[in-house]
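Chemist: Sequence:
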Amino acid sequence: MKLFVDDLTHVDFSLLDAERGLLGESWVVRLELDGSLNEEGMICDFGIVKKRVKQWFDEGIDHALAVAKGMPGVEIREAGGRTEVLWTDSDGMPFRCEGPDQAFALLDVDAIEPEAVASWCESRLKALFPEEVQGLKLTLYPESIDGAYYHYSHGLQKHQGNCQRIAHGHRSRVQVLLDGQRNREQEQFWAEAFRDIYIGTDSHLVKQEGGVSFFSYEAPQGQFELSLRSDRVYMIDTESTVEQIAQHMARETAARNPSRAVEVRAFEGLGKGAIASF
27 MKLFVDDLTH VDFSLLDAER GLLGESWVVR LELDGSLNEE GMICDFGIVK KRVKQWFDEG
87 IDHALAVAKG MPGVEIREAG GRTEVLWTDS DGMPFRCEGP DQAFALLDVD AIEPEAVASW
147 CESRLKALFP EEVQGLKLTL YPESIDGAYY HYSHGLQKHQ GNCQRIAHGH RSRVQVLLDG
207 QRNREQEQFW AEAFRDIYIG TDSHLVKQEG GVSFFSYEAP QGQFELSLRS DRVYMIDTES
267 TVEQIAQHMA RETAARNPSR AVEVRAFEGL GKGAIASF
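Take 27 as the starting number for the sequence shown in the working numbering and just add one per residue.
Mixed in with the good hints there might be a few duds.
No farther apart than 27 Å at their CA atoms in a straight line, the calculated lysine-lysine pairs in the DSSO-like style are these [stated by the list, open to error]:
#1 K80 / K163
#2 K80 / K28
#3 K163 / K233
#4 K163 / K76
#5 K152 / K184
#6 K77 / K298
#7 K95 / K152
#8 K28 / K77
#9 K163 / K28
#10 K184 / K80
#11 K152 / K77
#12 K152 / K76
#13 K298 / K80
#14 K76 / K298
#15 K163 / K77
#16 K184 / K298
#17 K163 / K152
#18 K80 / K95
#19 K184 / K95
#20 K28 / K184
#21 K28 / K95
Just the calculated beta-carbon pair ranges, DEER-fashion [what the hints assert, rightly or not]:
#22 E269 / A105: 16 to 22 Å
#23 G173 / G99: 16 to 22 Å
#24 E66 / G106: 44 to 50 Å
#25 K95 / V31: 28 to 34 Å
None of these hints come from the bench; they were simulated from the model.
Computed from a predicted structure; not experimentally measured.
Just so it is clear, CB atoms sit at the ideal spot from N, CA and C, and this is done for glycine as well.
With the hints as constraints, model all of the structure from the sequences given.
Modeler: Structure representation (structure tokens):
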């Protein structure tokens, strides 16, 4: 017998990619459990499955910076409850992120890819279930999007939850309406502007030097620092909440399209986001 849960939860996080650098990502979680029936005629109660697996992801990969320990050239330093990740890309540009241990997911894989991460998770998830569960299969996959989307990373200094981590992110669709009609050209404009981007807040920027942007802030979980190549950074003058991002996009779109009614639907990962009109 097998038990399955489609769309069990979603994980929003950032990862370090050998080709693309810092990359915001959002994955759907699907789970299959293989086992025998207990005295209630179940392999495991659906409520237990969903609660335990969601909590496990929330405390691990979700809203963290996921780093493959086997990624070529990556250096990881851990000391005093803090983690520092250093890497140099193929153009010789440096990347550095430092913060509390809980802001990082360090995985024993060669690359942060759905199949490799799912396999790494499976052995750890097995311990969450009763003996009737004899095996499990985890599937991680991105949302199917017909239209414009982008990958972005950010950090929300004032957030009381895990969004305060300086390098977490999302894979997000975008919809732009001009005079009430979807406009694919404007949507594609933002998909290109935010492609594999870090959305930085002016007040978090320490300096820009040698083509590198340096960010730092103190948040409830501790001190966070990030430096990465400036051509992968898009600066705004507010916190990078999805509400502020949508408002920024609407304002800039209106400036390019005077006398048109503008509405922007900016998503934050899967199935949620903000609407701004101008």
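Chemist: Work down the list of hints and note, for each, if the structure agrees.
Modeler: Hint check results:
no. : hint                    : verdict
1   : K80 / K163              : holds (15 Å)
2   : K80 / K28               : holds (19 Å)
3   : K163 / K233             : violated (46 Å)
4   : K163 / K76              : holds (14 Å)
5   : K152 / K184             : violated (36 Å)
6   : K77 / K298              : holds (21 Å)
7   : K95 / K152              : holds (22 Å)
8   : K28 / K77               : holds (18 Å)
9   : K163 / K28              : holds (10 Å)
10  : K184 / K80              : holds (25 Å)
11  : K152 / K77              : holds (14 Å)
12  : K152 / K76              : holds (14 Å)
13  : K298 / K80              : holds (18 Å)
14  : K76 / K298              : holds (20 Å)
15  : K163 / K77              : holds (17 Å)
16  : K184 / K298             : holds (20 Å)
17  : K163 / K152             : holds (10 Å)
18  : K80 / K95               : holds (24 Å)
19  : K184 / K95              : violated (30 Å)
20  : K28 / K184              : violated (44 Å)
21  : K28 / K95               : violated (33 Å)
22  : E269 / A105: 16 to 22 Å : violated (37 Å)
23  : G173 / G99: 16 to 22 Å  : violated (35 Å)
24  : E66 / G106: 44 to 50 Å  : holds (47 Å)
25  : K95 / V31: 28 to 34 Å   : holds (29 Å)
Hint compliance for this structure: hints 3, 5, 19, 20, 21, 22, 23 are not met, and every other hint is.
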